[in-house]
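Participant: The primary structure of each chain is shown beneath.
Protein chains: 2
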Amino acid sequence: MSQKITTLFKIKYPIIQGGMVWVSGAKLAAASANAGILGLIGAGSMEPELLKKHILKAQTLTEKPFGVNLPLLYGKREEQIEIALNAGVKIFFTSAGDPKKFTKFLKDHGCVVVHVTSNPMLAKKCEDAGVDAIVAEGFEAGGHNGSEELTTMTLIPQIKKSISIPIIAAGGIGSGYSMAAAFTLGADGVQIGSRFAATQESSAHINFKQSIVQASHDSTMLSMKDLIPVRLLRNQFFQEVQNIENSPLDLEEKKRRLISLLGKGRAKRGMLEGDLLNGELEIGQVAGLIDDIPAMDECVARLIREFHHASKNLPLHFS
Amino acid sequence: MSQKITTLFKIKYPIIQGGMVWVSGAKLAAASANAGILGLIGAGSMEPELLKKHILKAQTLTEKPFGVNLPLLYGKREEQIEIALNAGVKIFFTSAGDPKKFTKFLKDHGCVVVHVTSNPMLAKKCEDAGVDAIVAEGFEAGGHNGSEELTTMTLIPQIKKSISIPIIAAGGIGSGYSMAAAFTLGADGVQIGSRFAATQESSAHINFKQSIVQASHDSTMLSMKDLIPVRLLRNQFFQEVQNIENSPLDLEEKKRRLISLLGKGRAKRGMLEGDLLNGELEIGQVAGLIDDIPAMDECVARLIREFHHASKNLPLHFS
Numbered sequence: 024m025s026q027k028i029t030t031l032f033k034i035k036y037p038i039i040q041g042g043m044v045w046v047s048g049a050k051l052a053a054a055s056a057n058a059g060i061l062g063l064i065g066a067g068s069m070e071p072e073l074l075k076k077h078i079l080k081a082q083t084l085t086e087k088p089f090g091v092n093l094p095l096l097y098g099k100r101e102e103q104i105e106i107a108l109n110a111g112v113k114i115f116f117t118s119a120g121d122p123k124k125f126t127k128f129l130k131d132h133g134c135v136v137v138h139v140t141s142n143p144m145l146a147k148k149c150e151d152a153g154v155d156a157i158v159a160e161g162f163e164a165g166g167h168n169g170s171e172e173l174t175t176m177t178l179i180p181q182i183k184k185s186i187s188i189p190i191i192a193a194g195g196i197g198s199g200y201s202m203a204a205a206f207t208l209g210a211d212g213v214q215i216g217s218r219f220a221a222t223q224e225s226s227a228h229i230n231f232k233q234s235i236v237q238a239s240h241d242s243t244m245l246s247m248k249d250l251i252p253v254r255l256l257r258n259q260f261f262q263e264v265q266n267i268e269n270s271p272l273d274l275e276e277k278k279r280r281l282i283s284l285l286g287k288g289r290a291k292r293g294m295l296e297g298d299l300l301n302g303e304l305e306i307g308q309v310a311g312l313i314d315d316i317p318a319m320d321e322c323v324a325r326l327i328r329e330f331h332h333a334s335k336n337l338p339l340h341f342s
Numbered sequence: 024m025s026q027k028i029t030t031l032f033k034i035k036y037p038i039i040q041g042g043m044v045w046v047s048g049a050k051l052a053a054a055s056a057n058a059g060i061l062g063l064i065g066a067g068s069m070e071p072e073l074l075k076k077h078i079l080k081a082q083t084l085t086e087k088p089f090g091v092n093l094p095l096l097y098g099k100r101e102e103q104i105e106i107a108l109n110a111g112v113k114i115f116f117t118s119a120g121d122p123k124k125f126t127k128f129l130k131d132h133g134c135v136v137v138h139v140t141s142n143p144m145l146a147k148k149c150e151d152a153g154v155d156a157i158v159a160e161g162f163e164a165g166g167h168n169g170s171e172e173l174t175t176m177t178l179i180p181q182i183k184k185s186i187s188i189p190i191i192a193a194g195g196i197g198s199g200y201s202m203a204a205a206f207t208l209g210a211d212g213v214q215i216g217s218r219f220a221a222t223q224e225s226s227a228h229i230n231f232k233q234s235i236v237q238a239s240h241d242s243t244m245l246s247m248k249d250l251i252p253v254r255l256l257r258n259q260f261f262q263e264v265q266n267i268e269n270s271p272l273d274l275e276e277k278k279r280r281l282i283s284l285l286g287k288g289r290a291k292r293g294m295l296e297g298d299l300l301n302g303e304l305e306i307g308q309v310a311g312l313i314d315d316i317p318a319m320d321e322c323v324a325r326l327i328r329e330f331h332h333a334s335k336n337l338p339l340h341f342s
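One line per chain: the protein sequences are A and B, in this order. For the first sequence, position 6 (counting from the first letter as 1) is numbered 29 according to our numbering, and the numbering increases by one without interruption. For the second sequence, position 156 (counting from the first letter as 1) is numbered 179 according to our numbering, and the numbering increases by one without interruption.
Treat each hint with caution, since some may be false.
Identical chains blur together in the list; that is why a pair holds if it fits in one copy or across any two.
What the hints assert, rightly or not - Here are the computed lysine-lysine pairs in the DSS-like style, where the Cα-Cα straight-line distance is at most 25 Å:
1) Lys277 x Lys50
2) Lys147 x Lys27
3) Lys248 x Lys277
4) Lys335 x Lys184
5) Lys99 x Lys148
6) Lys248 x Lys278
7) Lys335 x Lys35
8) Lys35 x Lys127
9) Lys130 x Lys147
10) Lys80 x Lys183
11) Lys291 x Lys50
12) Lys27 x Lys335
13) Lys278 x Lys127
14) Lys127 x Lys147
15) Lys335 x Lys99
Derived by calculation from the structure, the hints in this document are not laboratory data.
So here's chain A without its partners, still in its complex pose (with noise of 0.2 Å):
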């Protein structure tokens, strides 16, 4: 079985925790640290002060490596890359945007570089970036998403057969039984978000977390699809957007009412300070598959015990 993920980050079990804006901050970084995988701090909308902060701490709560994740759309990324290097952070996944853009530079600086994608076109031009893996996203992850809605299912073999570099496949992925389905699948490591999302330590209020154990089957849908596709929990707020995006407008004029209606501060608006009517709730269709806000290490502890089980079930031969 292939050591590329844990020898990469130098970690026990091959399991990324996702970068979630307003979800994963010191706290959910460190405890996953300590439990054996990697833990990433969503910098996300995070001000540079802020993202130090953050950095800061998870330093005091754990002695073991974490790492950034940085959508490249936001403004003050050159910021946050300067606070985070100048902290001593030294992984970096970045996501929504160019792979060329920081690759070498973070490359230079000594930093592993991961970049998100979801489809295998884009993840050939991050391995000719120069990125030592790619997170590899499919169409049932929470938060945004690729415009192919092509789901973990098909997505890893494509990407497999697209590059040689190390994949994580994400999206989907909630218990060591879709674990061991991506290993199979080809993948190398996996990153989890949506499960991670509903822990003691993770930083959504607990409203969000409840609305997570609660969520069934239909609770999550891909919306904002005229502007940049995002899994959302249905509420209000979702519905506000449905509503823009099914009505007899042209696409410019949806575009204008979607920006408009989206403004500023919706997501830490339902994610960290728990309105759920009018907050946006990003979550991936796993939410339906959680059941409980465990501890961080039992959480990591129970994806293992599964994934055990679940090789042990595989057979070898059939007959």
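Given chain A, put chain B in place with the hints provided.
Facilitator: Using the frame of chain A, we list chain B on its own:
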């Protein structure tokens, strides 16, 4: 490992060749049976007399049992069932309708009955209706599809939690690797469509088979969501559907125009007659991974080789 599916259908490998309208006739079903898996004649739009011809022909091509796939939406299903029963068919896969409608009748006639589902609530209804197993079909599958858009990765574990009868996973399964993934997720067997559509024995027109081989990661998309969601290869007909769906018309008018555009025989025109521009070409996301047109026995042997490889490579323990 579960022997439920091989025992239920008296087959060597726990693989079902999915019933595909205009693609899985006598030749494909018989070749499947001869290769050690369950073959299904896709009765879809067949006139009862044509179905009879296919059943009788398949019986001359194999001595093994095979089944009939029956979408319950169509008009002549009672005649189709009567003809199949009279010809000695004992295995029925039903879909797109109420599982209670024919299950008891067919069970009373000594048949094995399986119903196709795309969500855990319908799966429970199927179990309550007395079916012997269910097919759980994810968003990545070709052809008709559920409105919840649950992918195979999240669907199988959710269904596993809601029922105790055997589960046959479908959607995105085109190799022994994805087959192994389905088993780790909790499936007892797999149903494969697209991969078998591009075989020597499939009735698909050679043009359609070649377009499957040429398909890339972005070649299919879930379409006709305003009518009945169906995953299609993107061609001119697909684009005409999209133009209606994206137009500023109200839902009722969209439906009228879609029904009018669809007309009669669109699927036959595309898949059987090879009209790649104006035909309806139903195929799964996994088309992007299909590179050749093998004979069925070779195709099944390859699936099993790949499954063994995936199974051997999955570690029992981390460390």
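Participant: Determine for every hint whether it applies to the structure shown.
Facilitator: Here's how the hints hold up against the structure:
| no. | hint | verdict |
| --- | --- | --- |
| 1 | Lys277 x Lys50 | neither (38 Å within a copy, 50 Å between copies) |
| 2 | Lys147 x Lys27 | within (18 Å within a copy, 41 Å between copies) |
| 3 | Lys248 x Lys277 | both (11 Å within a copy, 19 Å between copies) |
| 4 | Lys335 x Lys184 | between (27 Å within a copy, 20 Å between copies) |
| 5 | Lys99 x Lys148 | within (24 Å within a copy, 52 Å between copies) |
| 6 | Lys248 x Lys278 | both (10 Å within a copy, 21 Å between copies) |
| 7 | Lys335 x Lys35 | both (20 Å within a copy, 22 Å between copies) |
| 8 | Lys35 x Lys127 | neither (28 Å within a copy, 53 Å between copies) |
| 9 | Lys130 x Lys147 | within (18 Å within a copy, 52 Å between copies) |
| 10 | Lys80 x Lys183 | neither (37 Å within a copy, 41 Å between copies) |
| 11 | Lys291 x Lys50 | within (17 Å within a copy, 58 Å between copies) |
| 12 | Lys27 x Lys335 | both (22 Å within a copy, 18 Å between copies) |
| 13 | Lys278 x Lys127 | neither (34 Å within a copy, 51 Å between copies) |
| 14 | Lys127 x Lys147 | within (16 Å within a copy, 53 Å between copies) |
| 15 | Lys335 x Lys99 | neither (47 Å within a copy, 47 Å between copies) |
In this structure, the hints that do not hold are numbers 1, 8, 10, 13 and 15, in rising order.
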